[in-house]
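K.L.:
So the sequences go chain by chain: A and B. Each residue of the first sequence is one higher than the one before, counting from 1 in my numbering. Each residue of the second sequence is one higher than the one before, counting from 1 in my numbering.
The set of hints was computed from the structure by calculation and includes no laboratory data. Treat the hints with care, since some could be wrong.
[Claimed, not checked] To list a few chain B residues with every Cβ distance to chain A over 10 Å, as calculated: (1) V52; (2) E254; (3) T271; (4) R352.
[As the list claims (entries may be wrong)] A short list of chain B residues far from chain A (calculated; beta carbon distances all over 10 Å): (5) L4; (6) G100; (7) S225; (8) E227; (9) G269; (10) R330; (11) Q334; (12) E343.
[What the hints assert, rightly or not] Simulated restraints on C-beta separations: (13) T169(B) to E162(A): 35 to 43 Å; (14) D199(B) to S294(A): 54 to 62 Å; (15) R343(A) to T109(B): 34 to 42 Å.
These figures come from a predicted structure and were not determined experimentally. In this text, a Cβ means the ideal position worked out from N, Cα and C, and glycines have one as well.
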Amino acid sequence: MTTTILGVRHHGPGSARAVRSTLERLKPDIVLIEGPPEADALVPLAAEPDMEPPVALLAHVPGDPSKAAFWPFAVFSPEWQAIRYAADAGVEVRFCDLPAAHALALGGGRSREAEPTVHVDPIGALAEAAGYDDPERWWEDAVEHRIEHGTDGEAGHGSVFEAIAEAMAAVREGHTPDPHEARREAYMRRTLRQAVKDGFGNIAVVCGAWHVPALATLPKAADDNRLLKGMPKVKVEMTWVPWTHGRLAAWSGYGAGVTSPGWYHHLFTAPDRPIERWLARAAAVLRQEDLPVSSAHVIEAVRLAHGLATLRDRPLAGLSEVGEAVRAVLCEGDELPADLVHRRMVVGERLGHVPDSTPMVPLQRHLREEQRRVKLKPEALERDHDLDLRRTLDLDRSRLLHRLRLIGVPWGTPRETRGKGTFKESWTLEWRPEFDVSLIEAAVWGITVEAAATARVCELAGKSALVNAFGVHGAPDRAAGDGTAGDGTAGDRTADHTLDQVVDQADGAPEVSLAELTTLVEKCLLADLPDALPYVLRAIGDRAALDSDVGHLMAALPALVRAQRYGDVRGTPSAGLAAIVDSLLTRVCAGLPIAVTGLDEDPARQLVAQIDAVHSAVALLHDVPRGDGHRHDGHEARHGAGHEARQGAGHEAGQGAGHEAGQGAGHEAGHDAAREAGYETGRDSPRDRWLATLRSLANRSDLPGVIEGRLVRILFDAQLADDVQIRMSRAMSLGHPPARAAAWIEGFLSGGGLLLVHDSRLLAAVDGWLTGLSPEAFVDVLPLLRRTFGAFAAPERRSIGERVRAGASDVRGSGGRTGDGTGDGADLDDERAAPAVRTVLEILGRL
Amino acid sequence: MTVLRPHAEDQYADELAVLAKDDDRPRPPGWRLSPWAVTTYLLGDPHHPGGVITPKYIGPRRIVEVAVATLATDRALLLLGVPGTAKTWLSEHLAAAISGDSTLLVQGTAGTAEEAVRYGWNYARLLSEGPSRQALTPSPVMRAMAEGRLARVEELTRMPSDVQDALITVLSEKTLPIPELNEEVQAAKGFNVIATANDRDRGVNELSSALRRRFNTVVLPVPASAEEEVDIVSRRVAQLGRSLELPETPAGLEEIRRVVTVFRELRSGVTSDGRTKVKSPSGTLSTAEAISVVTSGIALAAHFGDGVLRPSDVAAGIVGAVVQDPVSDRVVWQEYLEAVVREREDWRDFYRACRDAS
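Please work from the sequences and hints to get the whole structure.
P.N.:
Next comes the structure, spelled out in structure tokens:
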């Protein structure tokens, strides 16, 4: 019986080559490899043609996502070469490290990176001691070349390992392994003994060089058994997962990192002349970027690399020499292309592939099918995709990505879209190996991506219902702030953000606020999860019923309204949604009168923002169920959410075009008719209820100035307040302290001076009030006005002044014209304007 | 006769001799030293058996290694960098160590003519004897080719393009034809060219790609750390002081550190603690300028001061180095003075001195 112990450097191409050739020479009948024994059954998969390193063995504890460990293998890993040899030669492989069941139970897994580096990469330590920056160089120089040039060429690689064993024995002298290490080595010995007992005569052991001395002599079995007794154990499942070069450094099963995996890969795979091949490839990379690199350059680079190696007393040029050659010759001293070569080649991002027959959770398998269906390949490098949602394929892609985000696999990250089309969606795709873990974790939710996402959403919704039942208020203030803002530019992002928090926090702190729940509704629509919607809606309904803070309700409303507007177009059960929106609005209308009193300046301002958000949301509600209002096709509708949010932004921030369009044209065309219809059927539309609430509020005298001013303005815009000038005088009169008057005018004129320039009705109202003041009163309000007008930009003030100077009569006259849409329409050709008006109305969804 | 500035091969003749004596490694044909010994000569070796070898170039080892390896492969070497990063210094010492002769020098200027790269004529002889080798005046490049030595071309990019391109034949064919005599000069082994060029200068003549690709390019960096730069400055100041025979002045490391700090901060546009952003002046503020500021400061201190390097001795030099453009740089300097220098407790003297100087 012979036992040969091959001490390797994890991920060392030199070791890998030596292991391969030694195994081929030894022809062992069993190979023991450092690794989790649970993976024994997975070894045959390594021989499958589809298997393409880098891959990793993943051990995970079902149901406990925090416990997982990886054993990554690149093609240049000695362990991988040992596995491949065994698989090709039909030799049995056993993994001999401590079972993952124990390692993970012991709290191992990801935390084990703290191991001292010497244990983990003793060859690296030796190389460093010898003054080498690259351990592979040292291996090549000190071990391989010396052996190859030695006397007996045939026994060459065998004696490499003898030399390593000797060196390690010296390094480890006097070292007492810590308990964990002792157990691992005891287990390795136990596996070795078992192999002997099973009658294997020619045993090869491939393990980290550090462990060689511990396996060289076998102590009494009883000692090891005592060490291994009574270890905790968990249920562990193992599988192969694809890995990336970039993550060879971050691992948990073995220990040392690799900073130049691309170079190692090249060293291992290049059949001969590695330097020449590498530099020729570098030239190709540079040429791809349109940098002129000739063959003459490559020739000179090779010469320089060799020259440098000689100068540095190295038998062969290594990474640092070719790096210098690339910089000095190929890149002509320029750092930028040199960096490019480093990124593309030295790191050389590469994603492995595992065969379809690998044990996968059904969810992984389904995702793989989906990826194939929508023609998106997982890639390790970041790549941008612009989706045109009018195309079925892109729509499916978008749905898949949204669903994956819901189950915690952020393969795609939405980017800001360039251009204005609502049918466009931009994503950045980057597949990271840990997503496989997330997928396995997500497997508890379902066997397809859609089902899992649905279940996940339901769970989130259910959790919040639970929270709600116990009366726990989650993150109310922040949510209120975020949600109410309803600001379109950041709208999408905010929604994502909050959702991520929902997802993140759902397991731990149950902080799902009402506003977050409503963004969940939007997410359901984006990810096309109709089955989940009723659950979320019920959760919202329950939550809203118990939530006494009208601020939360108001924060929740805009997202819901958007969802309703675009949801029913898609045929999702909008009846439920409409009911929720309706009840929510009712609650808001009921709660608002109480909420507006006794507020400080800042909360008052916040409330104004919320009122604005709700107001613009309510404007989106179709006043009466009008059958012809649903002329959108699917994609526009689903992206309407974003579009509408943008409109909301206009309203919020600038009250510019969006506002005017929404308020002006929209109301004139739709609202009046709707109001009539509403009155006729004897049933209030939500909009009327909302405006009625605001109206009654505006008549109260105990409101904070900024709120009252804003309310009057809303009513004025809605043409429900004919007595604006009287209200203005009242608010500005001496009975109010100056601060309140200033707040009032601020609320009234909020949205910037530009509006005064363009909304002549508004200007006429303000102008009328001002000119009607007595000289004394004018002097009194002057400071207040100055304060508000002073906040406008200088060009705005100038324009206002010009408009006023143009003549009061003109101001009033034009005010009348745009105001009620009649006036002197003589110079307008109605017939020619009709198509334009029609288009605008269609865009606004009012037709 | 004592010269003001001896050539490198004369100044360090002892070290070169020591290295040559102990050098048992193979030497490329025409080389006085082996590449290893050249590297040692440039980077220094305090423990050399024959005596201490002082470092000539303080900076990354790989720069020197790539430069030496390039010359050993008979490729021409192009040293690129902002002014004052020791390009000329390195090229002189390389030539001294490899050929034992750093004098075969072509200085590139806007007025450099082709004769400086190829050959000229002794017109008296040309008229009396007709064209002959005796009537021909060889350029440094031609002499280097004939003798198998290193030729140095300084400020390559300042030469007119047609003169630059005269080097192409020399570098690729390693011959220099003399059509007038129907002869040619073939380069002997050991010939090579070290060129320096400044990549910051305005109005340079960019190298043609045909010429460019005959060079291996090494970019000389500015000193990586303040300590390294202080080391360079104090070393050079001491050497210069010795050769200029200035009276011995205590090396005022404190002042040198201050000058280096000011230069580094203005160069990088941020203070050394990384907290304050400052504007950068139009000049390059190289290490070489720092050296000259300190040297002139020492001269001031020795001749007019109390023999100790004081803030007032370096202040005028610093202001002169920083304020190259009288309008914009003065603003930069004033800002720096008021925002950074004034705030530093132990820089009071320096602040006052700078105020007086500017």
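K.L.:
Does G269(B) really sit off the interface, with its C-beta more than 10 Å from all C-beta atoms of chain A?
P.N.:
holds (19 Å)
K.L.:
Does the Cβ-Cβ separation between T169(B) and E162(A) fall within 35 to 43 Å?
P.N.:
violated (58 Å)
K.L.:
Just double-check G100(B) for me: nearest Cβ-Cβ distance to chain A has to come out over 10 Å.
P.N.:
holds (20 Å)
K.L.:
Could you say whether the range 54 to 62 Å given as a hint is met by the Cβ separation of D199(B) and S294(A)?
P.N.:
Since the Cβ atoms of D199(B) and S294(A) sit about 22 Å apart, the hinted range of 54 to 62 Å is violated.
K.L.:
Does E227(B) clear chain A by more than 10 Å, comparing its Cβ with all Cβ atoms of that chain?
P.N.:
Correct as stated: the minimum Cβ-Cβ distance to chain A is 22 Å, above 10 Å.
K.L.:
Given the hint of 34 to 42 Å, is the C-beta distance from R343(A) to T109(B) inside that range or not?
P.N.:
holds (41 Å)
K.L.:
Is Q334(B) truly not at the interface, in the sense that its beta carbon sits beyond 10 Å from all beta carbons of chain A?
P.N.:
holds (32 Å)
K.L.:
Is it correct that the beta-carbon of E343(B) has no partner in chain A closer than or equal to 10 Å?
P.N.:
Consistent with the label, E343(B) stays out of reach of chain A, its closest Cβ about 35 Å off (over 10 Å).
K.L.:
Beyond 10 Å from every Cβ of chain A: is that where the Cβ of E254(B) lies?
P.N.:
holds (35 Å)
K.L.:
Would you assess whether V52(B), listed as outside the interface, keeps its beta-carbon beyond 10 Å of every beta-carbon in chain A?
P.N.:
holds (22 Å)
K.L.:
For L4(B), is the shortest beta carbon distance to chain A beyond 10 Å?
P.N.:
holds (33 Å)
K.L.:
Say whether it holds or is violated: R330(B) keeps its Cβ farther than 10 Å from all Cβ of chain A.
P.N.:
Nearest chain A Cβ is 33 Å from R330(B), so the label holds.
Of the numbered hints listed earlier, those contradicted by the structure are 13, 14.
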